[in-house]
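If you count by the working numbering, then the sequence shown holds residues 2 to 830, one letter each, in order.
I should point out that these hints are in silico values taken from the structure, not numbers from a laboratory. Every residue, glycine too, gets a C-beta built ideally from N, C-alpha and C. Treat the hints with care, as some may be off.
[Said to hold, decoys possible] Below, in silico cross-link-like pairs of lysine to any residue (SDA-like), each with a Cα-Cα straight-line distance of 20 angstroms or less:
no.	residue 1	residue 2
1	Lys-657	Arg-669
2	Lys-70	Lys-657
3	Lys-619	Pro-604
4	Lys-799	Lys-657
5	Lys-498	Val-508
[Stated by the list, open to error] Just the calculated beta-carbon pair ranges, DEER-fashion:
no.	residue 1	residue 2	range
6	Gly-591	Asn-678	51 to 59 angstroms
7	Gly-248	Val-756	20 to 28 angstroms
8	Gly-511	Gly-809	35 to 43 angstroms
9	Arg-752	Gly-591	27 to 35 angstroms
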Amino acid sequence: MTSASAHPATARPFENIAGPWAASVAEGKLGRRSCCAGPASPHTPCKRRIRECAQVSDEVFPVPEAWAKSARMDAAGYDAAVARVEADPDGYWREVGERLDWIQPFTEVKDVSFDAKDFRVRWFADGVLNVSVNCIDRHLPARADEVAIIWESDDGSISDEVTYAQLHSEVCRMANVLKAKGVKKGDRVTIYLPMIPQAAYAMLACARIGAIHSVIFGGFSPDSIAGRIQDCDSRIVVTADEGLRGGKPVPLKKNVDEALKSCPGVTDVIMVRRTRADVPMTEGRDVFYSDIKASVSDQCDPEPMNAEDPLFILYTSGSTGKPKGVLHTTGGYLTWASHTHELVFDYRPGEVFWCTADVGWVTGHSYVVYGPLANAATTVMFEGVPNYPTSSRFWEVCDKHRVEVFYTAPTAIRALMREGDAPVTRTSRQSLRLLGTVGEPINPEAWLWYHRVVGEGRCPIVDTWWQTETGATLMSPLPGATALKPGSCAKPLPGVKPQLVDADGKVLEGAINGNLCLTDSWPGQMRTVYGDHDRFITTYFTTYPGKYFTGDGARRDADGYYWITGRVDDVINVSGHRLGTAEIESALVGNPAVAEAAVVGYPHELKGQGIYCFVTLKADITASGGLESELRNWVRREIGPFASPDVIQFAPGLPKTRSGKIMRRILRKVAEGDIANLGDTTTLADPAVVDDLVRNRAEDGAPDILTLSTGRIGADEIERVMLGHDGIVAAAVVGAPDGLHAFVVVAPDTRATDVLEADLKGLVRREIGPAAAPQSVRFLSALPSSKSGAIARRILRKVAAGDLTNLGDPGQLADPGVLDELLKTPTSA
């Protein structure tokens, strides 16, 4: 293990700290804890993370006195709430439920059984309410002219403020448009919009009339859109001409048109104009929202809804390939989203709250729209990305709109941390009082940077753990009650009952690693998988009978703090997006060259987890760098850009048991480079397969992460742009001291010319920016690749840097002749 002195963040983690913790640091009052107690878990998906915790995260940040005095809940209040829910659960939950306005107040609080043979989850079941009334109407008497939504455009050139009175009018108009199209209570409405106010209007409009919305993230491919529309049997889609993200258009309407070729049940498409791009409109099906909006009233009576009526369906990746339609209900979900938003973020009405998530994910549902608006918040909707137009973008928006609570993903924090402190410190951020993280575990180094640089040592960090299935936060520090440990999601909220078990279901006590389950329900729990209740029971309640299995591994330390160690099922978390490995595998084997594929996650310095694919080709297909590029783009088209593989290793065979089961444990070890701990391989049908995997591990097959003058970017992003040119079949981009260099393979009917080179450079400049344009382009007949088919990027880096020594044994390449060609090919400039 590396010593602490080798880690600057560990050796002097509190250097230059200011704010409420500064005095405690100076006086040496911060406690120290060991966070890696207990034996190994049967599932330990991320041992590297455990090592990081031991090295970095043993500092404890006590609750500042000012926070303990002013927060909604202090330590004594937390203990009292936990005791209350144990002694009088119905009384406690009744008070939580009464935070909403009910058309007919509930008398039944909770009716729950996790027994698979007698399963039920019902909260406030005889109550009647309307979600949009709770998010809008009830605030109008006192807050009609206060700002409900601040919208910030992609490049910051446009900002808009929507008051609660305006929100009411817009939601009613959208609701009346849907009603004019025949939408009624219980109908499913698909929403495929960018991060613009109309996305919130559409969600709330559905809630107002009792329709069930299914929001799809704008990064999904046409096939993924079609699958979701078909699964929920939606007949109406609300979309836009285009979205904007990082200065680039996203062809939303084009994607919808392609998806609807396989969705004959869709009768209506309502299109919002965002960029005013010229897009095809299908007569009799497609209408411009602005045209039909003008003809309807801005008043719409809300539909009374039973607490257990469905509110929305949101699709999340599953381990079996087909995404799951997570169904949340009206009363329990809104109660939990509202309650946790107030409690975890110590929220006060009127404060500016910014969750950076897209509404296409559950975080956007709960903490951009429903939770904040139910609490009379001013919520920020952000169309852009963290590093566009500059890497100061997040912090500039915080200053511009006086954001008080800021909530984002560790992936964004890690990416911005690598840009250095300057993009942060050139802004003020004095309005910030609380920071939060969501989507994946945050590594302690990133936590400390977030706290020290972004929050200047004065803002507590709430590291929240929850899932699409849980509706909202289940475990988190509370800023006035909980001492902070970097990288830990601390303790469960009152009423949440986590439990660690081993692989056999034995309950584990004390400081230990295990599989994270929940032994009782909470109001925001999902009720079913839409249209497939058996899958719901099988996925969550049969692995450990009588318990909800989260699919996550966790460690509990001696103080009762929880540390999420990663997924223990076949789901990987890439930049906060959950992806089922089976879904990616299915896409890969859909390519005519692929016979079999297995996908696992591996530690990635920017994304948290990367996508590592083991691919077995059909007998008549030869592995090559060009095929690797083709498969990356194939997955990108089938699922979406965020699912593009980071590493592809071509393998003659996969490790399987004698019964034919793929041993993913071994694949994870190979992907992580943990070759010394492969475990027993003698039970495999062919143990020699493992030797081949280890020998041909794609060590240098992963695209580089490149540092540009404008920020950091994956080389694969530039490669994808170049592969968008009709004449290019393979591309690899590497960095060198003098800039970026591209190595390109052209199609047989394409000539490698100066004009083509200029076209490629210009394409990259237009699509990404001038800083990403390569300094040189080399045209080759093939990219150098190992015998496993991985692009030999190590060799390309050396050639690009002019270092022609120690290129390695050409015999290790699939085609040694490529190296001769590479060394003879002049560099274009």
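How the hints compare with the structure:
1. Using a Cα cut-off of 20 angstroms, the hinted pair Lys-657 and Arg-669 holds, with the two alpha carbons roughly 14 angstroms apart.
2. Restraint check: the Cα-Cα separation between Lys-70 and Lys-657 comes to about 58 angstroms, which exceeds 20 angstroms; the hinted pair is violated.
3. Taking the CA atoms of Lys-619 and Pro-604, the gap is about 29 angstroms. The hint is violated against a cut of 20 angstroms.
4. Under the criterion of a C-alpha separation no larger than 20 angstroms, the hint pairing Lys-799 with Lys-657 is inconsistent with the structure, at around 37 angstroms.
5. For the suggested pair Lys-498 and Val-508, the alpha carbons sit about 13 angstroms apart, so the restraint of at most 20 angstroms is met.
6. Gly-591 and Asn-678 have their C-beta atoms about 33 angstroms apart, which leaves the hinted 51 to 59 angstroms range violated.
7. Separation of Gly-248 from Val-756 is about 26 angstroms and conforms to the stated range, judged on CB atoms against 20 to 28 angstroms.
8. Distance hint check: the CB atoms of Gly-511 and Gly-809 are about 50 angstroms apart, inconsistent with the given range 35 to 43 angstroms.
9. Hint check: Arg-752 to Gly-591, Cβ distance near 32 angstroms, so the stated range 27 to 35 angstroms holds.
Going through the hint list in order, the structure does not satisfy hints 2, 3, 4, 6 and 8.
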